[in-house]
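Chains A and B supply the protein sequences, listed in that same order. Just so we're aligned: 230 in the numbering used here is position 230 of the first sequence, and the numbers increase by one with no gaps anywhere. Just so we're aligned: 78 in the numbering used here is position 78 of the second sequence, and the numbers increase by one with no gaps anywhere.
Among the clues, some could well be false.
Said to hold, decoys possible - One side only, chain B facing chain A, incomplete, derived with CB under 10 Å:
hint: 1; residue: Gln51
hint: 2; residue: Ala324
hint: 3; residue: Gly327
Claimed, not checked - Covered, in the sense of this in silico footprint (three residues per stretch, anywhere, with C-beta under 8 Å from a C-beta of chain B), are these stretches of chain A:
hint: 4; stretch: 21 to 35
hint: 5; stretch: 49 to 55
hint: 6; stretch: 65 to 77
hint: 7; stretch: 86 to 98
hint: 8; stretch: 234 to 243
hint: 9; stretch: 324 to 333
In short, the hints are calculated from the structure, not lab data. Glycine residues also receive a C-beta, built at the ideal position from the N, C-alpha and C atoms.
There are 2 protein chains.
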Amino acid sequence: MGDGPITFEISASSDDCGARAGSVTTPHGSFDTPAFMTVGTRASVKGLWSQVVADLGARIILANTYHLMLRPGAALIAEMGGLHAWSRWNRPILTDSGGYQVFSLTDLNEVHDDGVTFRSHLDGALIHLTPEVSIQAQNDLGADIIMAFDDCPPAPEDGGAAPSAGAVEDYRARVEQACDRTARWLERCRRAHRRDDQALFGIVQGGVDLEQRTRSVEQVCQHDLPGYAIGGVAVGEGFEGLRHAVEHTAPLLPEDRPRYLMGVGYERDILTAVRAGVDMFDCVLPTRHGRNANAFTPQGPLRLRNQRFARDASVLDPGCDCPACAGGYSRSYLRHLFQSGEMLGPILASAHNVRHFQRFLLDIRRAIVDNGWSLIRRRWPVLDAPT
Amino acid sequence: MGDGPITFEISASSDDCGARAGSVTTPHGSFDTPAFMTVGTRASVKGLWSQVVADLGARIILANTYHLMLRPGAALIAEMGGLHAWSRWNRPILTDSGGYQVFSLTDLNEVHDDGVTFRSHLDGALIHLTPEVSIQAQNDLGADIIMAFDDCPPAPEDGGAAPSAGAVEDYRARVEQACDRTARWLERCRRAHRRDDQALFGIVQGGVDLEQRTRSVEQVCQHDLPGYAIGGVAVGEGFEGLRHAVEHTAPLLPEDRPRYLMGVGYERDILTAVRAGVDMFDCVLPTRHGRNANAFTPQGPLRLRNQRFARDASVLDPGCDCPACAGGYSRSYLRHLFQSGEMLGPILASAHNVRHFQRFLLDIRRAIVDNGWSLIRRRWPVLDAPT
Chain A
1 MGDGPITFEI
11 SASSDDCGAR
21 AGSVTTPHGS
31 FDTPAFMTVG
41 TRASVKGLWS
51 QVVADLGARI
61 ILANTYHLML
71 RPGAALIAEM
81 GGLHAWSRWN
91 RPILTDSGGY
101 QVFSLTDLNE
111 VHDDGVTFRS
121 HLDGALIHLT
131 PEVSIQAQND
141 LGADIIMAFD
151 DCPPAPEDGG
161 AAPSAGAVED
171 YRARVEQACD
181 RTARWLERCR
191 RAHRRDDQAL
201 FGIVQGGVDL
211 EQRTRSVEQV
221 CQHDLPGYAI
231 GGVAVGEGFE
241 GLRHAVEHTA
251 PLLPEDRPRY
261 LMGVGYERDI
271 LTAVRAGVDM
281 FDCVLPTRHG
291 RNANAFTPQG
301 PLRLRNQRFA
311 RDASVLDPGC
321 DCPACAGGYS
331 RSYLRHLFQS
341 GEMLGPILAS
351 AHNVRHFQRF
361 LLDIRRAIVD
371 NGWSLIRRRW
381 PVLDAPT
Chain B
1 MGDGPITFEI
11 SASSDDCGAR
21 AGSVTTPHGS
31 FDTPAFMTVG
41 TRASVKGLWS
51 QVVADLGARI
61 ILANTYHLML
71 RPGAALIAEM
81 GGLHAWSRWN
91 RPILTDSGGY
101 QVFSLTDLNE
111 VHDDGVTFRS
121 HLDGALIHLT
131 PEVSIQAQND
141 LGADIIMAFD
151 DCPPAPEDGG
161 AAPSAGAVED
171 YRARVEQACD
181 RTARWLERCR
191 RAHRRDDQAL
201 FGIVQGGVDL
211 EQRTRSVEQV
221 CQHDLPGYAI
231 GGVAVGEGFE
241 GLRHAVEHTA
251 PLLPEDRPRY
261 LMGVGYERDI
271 LTAVRAGVDM
281 FDCVLPTRHG
291 RNANAFTPQG
301 PLRLRNQRFA
311 RDASVLDPGC
321 DCPACAGGYS
331 RSYLRHLFQS
341 GEMLGPILAS
351 AHNVRHFQRF
361 LLDIRRAIVD
371 NGWSLIRRRW
381 PVLDAPT
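Next up, chain A with everything else stripped away, as it sits in the complex (with noise of 0.2 Å):
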């Protein structure tokens, strides 16, 4: 496709699978894909500075609508000029519709019809948060791409193990709630979104039900949008729970426009989403587990304040070239550093593990390209280790 306020070609398909690299191009510049974007959610990557994220081979990030609308508000970032010159960000970015984190970080909410009724974390002021709310905010933060308001209902309580007739019964009626709130409040966004320069992105329900999966993309499906998301996962359902989800759902979407996994997640549930024909992903995971001392590495993640790396002179992962890496930062520093609380710890772990998305992300390219995945696998081990 090329109308609208972002263009998506795809450059090379695998042979073997459904995946695909290509590129967005937005009105702040490209992006390839398959794509992992960092995730600054109060417009601010944890610890980096715009110019460092950069440096690190992030080109997209996503910033949460839900926490820049409780503060500083939209209204005032529209004023100073919208995200991108507010955070010093002149690449793409994408937002969130809020809804989620108005789920997993608010005790009281109430979904309705009309939005969803909460209580601000910062101040346990009342707010209503619908369709109408969530575009104005995202048309007020000027992102490149926009996300419709969806209803995200959490998975199953019983992950895998048999649950009973009536659990079932129950989530399966949450589901379709969900999917036809979200085919409606879709409408609404279309209506309410007010600028040509920012692409708007449905979302797909369905959770780990295929037939609501396949009936929530037949409702998506029906607004011609500049790409689709798949939402609904990674709320608990487990490794399997994902997969079926995904490699039911990526097919169905429109094959021209990108296909967005919302969320997801760790390098394998990335390769398999991938490998499904999905094209862009975030999560918080490199960030959150850097200030909690996790390092990702391609054998698997270290953890930091493990009394085995006290002496350990080496770098994090020698073919890494992240500021820690290839600055010489051993394990016994970055060690101390988090045994100390200095910041510089999370700073450099971060920065490590930003870097670490991104390489992982550029072999699945090139692996796209030359039909390599057993090259993908001797490379990183940690997709074939158990969890």
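On the provided structure of chain A, position chain B as indicated by the hints.
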């Protein structure tokens, strides 16, 4: 002087005051004087990795022996190749003796003629710190300049007010005792010092008692040392107390050795001391104030949490070339980072403040060469701001 582990060369002296510009060359390179040493207490300048610190113009870092000997231990750092290799700072480093931190950070401490006994602020362990223990730790850490273990009494209780005769006598006795101990401990430090690639600086005590200052200078300068420090200031004596002590003491110290004023300070303190003939400074202000949302500017500090910055699109200081200012991050955005508890606020403010002091010292060195003291006052109005 040209022998020993460091050399000090004076390249310019001021016509109308005691100020001199020069450079100190160490086994890890040289730094221009007057120099402001950025503090990296636990072998990390808080929030900034070593390459960033170098990019900000810092050429010598101060690390604290007290913190590092408690965690992770000086022997471990020696095993990892010493402070330079371990913290990835291949430029000059100075370590203090640990004495000052014992007095300021530990609740239970007892000074006696052999040394100081205190409880670790980390785990309550009883630790005996002596001249020999301090020098052993500093030999292990491997800094280019190490400091004698001294006895540093607090300022008189009353500060500038009229104290009672008893209080005056108590203070004088305590200061006299501190001078004598400091002199005896210096002898023990010299005997304990084992590395000829590290320069041991002596420390003059005497508080705000100018007679004691003179006596301490005589005691300490009996030793031919590569540098001399003025200790026992910035301990609560106020600007006038500091000024009197420094203007009295600095000229008494050997002209051909670097003079180091410990723990100082604000711009006005530094300028006053430079004009008295001081060459080296260190202070935690840039990073501590940065973490607390205070940004230094030539016009005076900005308290970034202030509501008046919410929509302020200007950078901290348009004349500054730090990542925050050159990166174009507005006061509005920086305020948001602090209000939201984002790590990036302290990081950017710390980077700015570190650069602020480097720029200030750069201007001071120029003023010494050009006799441009009035230009300094025009460029740095904070020097004449009411306090």
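Enumerated hints in conflict with the structure, sorted upward:
4, 8
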